[in-house]
Amino acid sequence: MAATTVTPSADLLSGSARRRRKERLVKALFQGAAMFSLIVSVAIVIALTGQAISWLFDIDLSWLWAGVWSPRSNQFDILTLFLGTMLISVIAMVVAAPLGIGAALYLSEYANPRVRRTLKPILEVLAGIPSVVLGYFALTVIQPDLVQLIFNDVGAFSYLAAGIAVGILTIPLIASVAEDAMYAVPHALREAAYGIGARRRTVAIRIVIPAAVSGIVAALILGISRAIGETMVVAIAAGATGSAQRTFNPLDGGQTMTGAIASLAIGSDRARGSDLAFPSLYFVGLLLFVLTFALNVASERFVRRFRKDY
Amino acid sequence: MSTIAATESTRRTVELALRGRRIDVRGRAFQALLLLTLFISLGFLLVLLWTTWTTAQPVFTDRGWDFVRSDVSSLASRAGVWQGIVGSLILTGFVVFVALPLGVAAAIYLEEYARDTALNRLLIANIRNLAGVPSVVYGILGLVVFAQALRGISGGLSYISGGLTLAVLVIPIVILVTMESLRAVPASIREAAYGVGATRWEVVRSHVLPYAAPGVFTGAILSLARAFGETAPLLLVGAVTGYISTGGDRGLIDTLQGRFTALPTLIFSFSRQIGDDWRANAAAAILVLLVVILAVNAVAIVLRNRYERKW
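Chains as they are written, first to last, in our numbering: chain A, 1 to 310; chain B, 311 to 621.
One chain only, chain B, in its complex shape:
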C-alpha cells in the first residue's frame, strides 16, 4: 500500500516539475515589453501624422487649394507650394529617365552576365558602399561635377544639376533591389529557355524580366519616393530656399538650366521662419509631401503583396 502512495507522490512531483508554473509570468512580461518597443516605434509615426494634421488643418480650411496652387511668397498668408511640386516632379523625371534604366541595366549585368571575377566582386562591394554614402556627400559630388565642371551643359545651380545628383544618389538602391528580384527567379526558368536555343539576352528579356517585373517595379517606385523626399543634396547644388521666380515664357532648356526649388526644400525654408503661421505652412507642405510619398509607398506595397510569387 505504501509503495503505491510513494509512487503517487513522486508522480505528482515529477509532473509538476515538468509542467512548470502554468503561466510563465516573466516570459509574458518579456513578450509584452517587446511588443511595447514595436508600438512605441509605430506610436512615433502616429504622433507625427496627428500633429502635422492638426497644425496644418487651419491652412487647408482657410485657403484650401489656394495653398497648393500658390507660389512662394514672403507673406505667410500668401505662400504656397506650387513651385515646389512642379520642381520635385521635374527632378523626379531625371530619376525616372536616368537612374532607372542605368540601375536596371547594371543589375542585369551583375546578376545575369557577370562571372565571379575579382572585378565583379569589387563592383558589387562598391555598389553596397555607395548605397550607404550619406546624401550630403552626393550633394557635394553634384556641386563639383554637375554644377561646376559641367556648367556649360547644366547651367550651374540648376534643375539639370539637381536632377542628375538625385539620379546618381538612387542608382545604387535601384541596382541592389533589382538584383534581388532577379535572383529570386529560379534557374529552371532560364535553363528551359536556353534549352530551346534562346540567347542570353533573349532569356533575360522574355523570361527573367517578366517574372522579376513586380519586384523591379516595387523597387523602382520606392527609389522614386526616396528621391522625392531628399533635401540635403539639393541644398548643395543650389536649391533655392528663399524667394524664387518661375514661369514666364522660358523654353524647356532655359527652364532646366535655371534655378530650382523642390517641395522638401520649401518645407525646410518654411520651418526656419519664425511664427505660428509659418509653422502651419510648414505642416501643410509636409502634409502634401506625405500624401504623395505615402500614396507611392502604398502602391509599391500593394503591388508587391499582390504579385509576389513564391517558387
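Next up, chain A with everything else stripped away, as it sits in the complex:
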C-alpha cells in the first residue's frame, strides 16, 4: 500500500502551449502599440529638421534677420515672430496666472466638498472649449467691447485681445495643475500651523503656497508653453496675414510663430511649389517645437520635485 507520489513535471506547471503562445502574442501587440509613440516622436523630429535644414540651404541666411516678416518677399525675420509670441504669452500669463492660482487656492483651501464637486467640472468645461471659439470671442467681444473701449486708435486686431483670450484658455490648465500640487500638501503641515494659532489665510499663504511652490511653478511653465503653442486665437484675432513688423506694442496687430505657420498653410503660397515662402513654416515649426519641448521638460522637473517631497 505504498503511496505513489507524483512529482508534476515543469512541463505540466507551465500550462498549455496554446495559452502561452496567445499570451506572447498579446504582449507583443501591446508592446508594439507602446513603441508607436516613440516612432511618432522620431517622425516629428525628422520631418521638422529635415525640411527645415533643406530650406535653410535654399535661402540666404541674412533673410532671417530682415527686420520684417514677409515670406512672399523673402523676408523671414524670426525675431518678429518671436517677439509676437512672447507678447502673447506675457499678456496671457498676466491674465491667467492670478486667476488660475487664485481659483486653485480657493478650491483647495476654502471650498467645501460640495462646492468643489460643482465648480471643478465647470472649470473642465471651460478647458474643453475649442480654441477657434475663443478666437472668435477675442475678435468680436474682447477687441471691440474691451480693448477699443479703453484705448483709442486701435484697429480691428491686436495682440492684447488675442493674448487675453489665450489667457482665458490657459486658466483651467494652470488651475488644475496648481490645485493638484496644493491638494498634495500633507494635512499635518496645516494642522501644525493651526495648532500654534495660525488663521486660515496665514495657513494658505505661509504654509500651503510655499509647500506647493514647485507645483505652482510647473503649472505656470505649462501655461506659458500652452500659450506659445496656441494657434487659432492668434490666427483669428491677432491680425497679420501676409506680413508683420517688429513691435513691442500690445495694441498693434501682428504675427506669432504659430500664426505665421497657420497663415502660410492657408495662403495661396501653397500652390506655388517653387517658392521659398511655404517651406519656411517647417523652420518656424522646428523652433516652436524646440521651445515648447524645453518648457515641458522644465515643468516636468518641477512636478517631479513636489511628487518626491510628499
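Think of the hints as simulated: they come from the structure by calculation, not from any bench. The structure displayed is predicted, hence computed values, not measured ones. Worth double-checking, as some hints may not be accurate.
Claimed, not checked - Here are the in silico distance ranges between beta carbons for each label pair: (1) B:L613 x A:S16: 32 to 40 Å; (2) B:R336 x A:I150: 29 to 37 Å; (3) A:N152 x B:R493: 50 to 58 Å.
Glycine included, every Cβ here is placed at the ideal spot set by N, Cα and C.
Add chain B to chain A, keeping to what the hints say.
Same frame as chain A, now just chain B:
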C-alpha cells in the same frame, strides 16, 4: 480681594488675546478675493456662451434647420455647416478606430506589462512630452508624413491625412488617461486573479479592464471632444477654408482620399469674412459645435461621477 481682581483682569486679557478679533476681516477679504478669481474665470464662460447665443439667434430664427442642413456658399444667407458636420464626424471616426485602440493598448502595456527599465521610463517621459507638443506641430507632421510621403495611400490633402493627424494628436492623451484609470485598480484584484491561475492577459481582460472601464471611457470621450474641436492641424493638412464641393456619386475610398473640411474649420473661415451676417453665421456654427462638445463633456462627467469607485 485685590489678587482676585488682578487675576480676573489677567484672565480677560489672556482670553481676548487668544480669541482674537471675532471677525477676521482680512481673512474674509482674502477669501472673497479668491472666490472672485474663480467667478471671473467662470464669468468668461458665461459671457462667451451668452454673446454667442444672442449673435447666433437671428440665424436660427430665420433659417432654423436650413442652416444646419445647407452646404458652404459664398452667400452668407445660404451658407450652412452640413459639410463641416459630416467632415468632423468622418475625422472623428479615424480617432475612434485608430487612436483609441492604439492608445488603450499602449497604456495596458506600460501599466500592466512593462517593468521599470530605462526604455520604459523613456517611453513614459516621451508620451508626457508628446501630450504637450502644440497641435500645429502635429499638423506639420501630418503634412510631411501622411499628405506628402504617403500620398499614394492617403491621396494627399485628404480625409485620411486629416483623420490620421488627429488620431496621432490624441494618442498621448488617451494613453495618459487610461494609465491613470488602470493604476487606480487595486493590486489585490490582480493578485486574486493570479492566485487562481489566470495569465497576465486574462487578468487584464477579465479583471482590470472591467474595473477601469468607466475611467477609460471617460478619457476616450474627452479625447474625442478634443479632436472634434481641433482646427490648427487640419489647416496644415489642407482642410478647405473656402468653397468645397462634396456629394455626388463618389465611392467611399474616393471620398476619403478627397479634399475635406470640418466644423471648426468652417467657423474659422466664417470668422474671417467681413460683415454682420457672416459674424452671425460664425456664432451659429460655434453654437452647433459647442452643443456637440458640451453634450459629450457632460456625458463624460456624468459617467465619471456615477461609476467612479473609491477603493
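So, going through the hints one by one against the coordinates:
1. B:L613 x A:S16: 32 to 40 Å: 38 Å, holds
2. B:R336 x A:I150: 29 to 37 Å: 31 Å, holds
3. A:N152 x B:R493: 50 to 58 Å: 56 Å, holds
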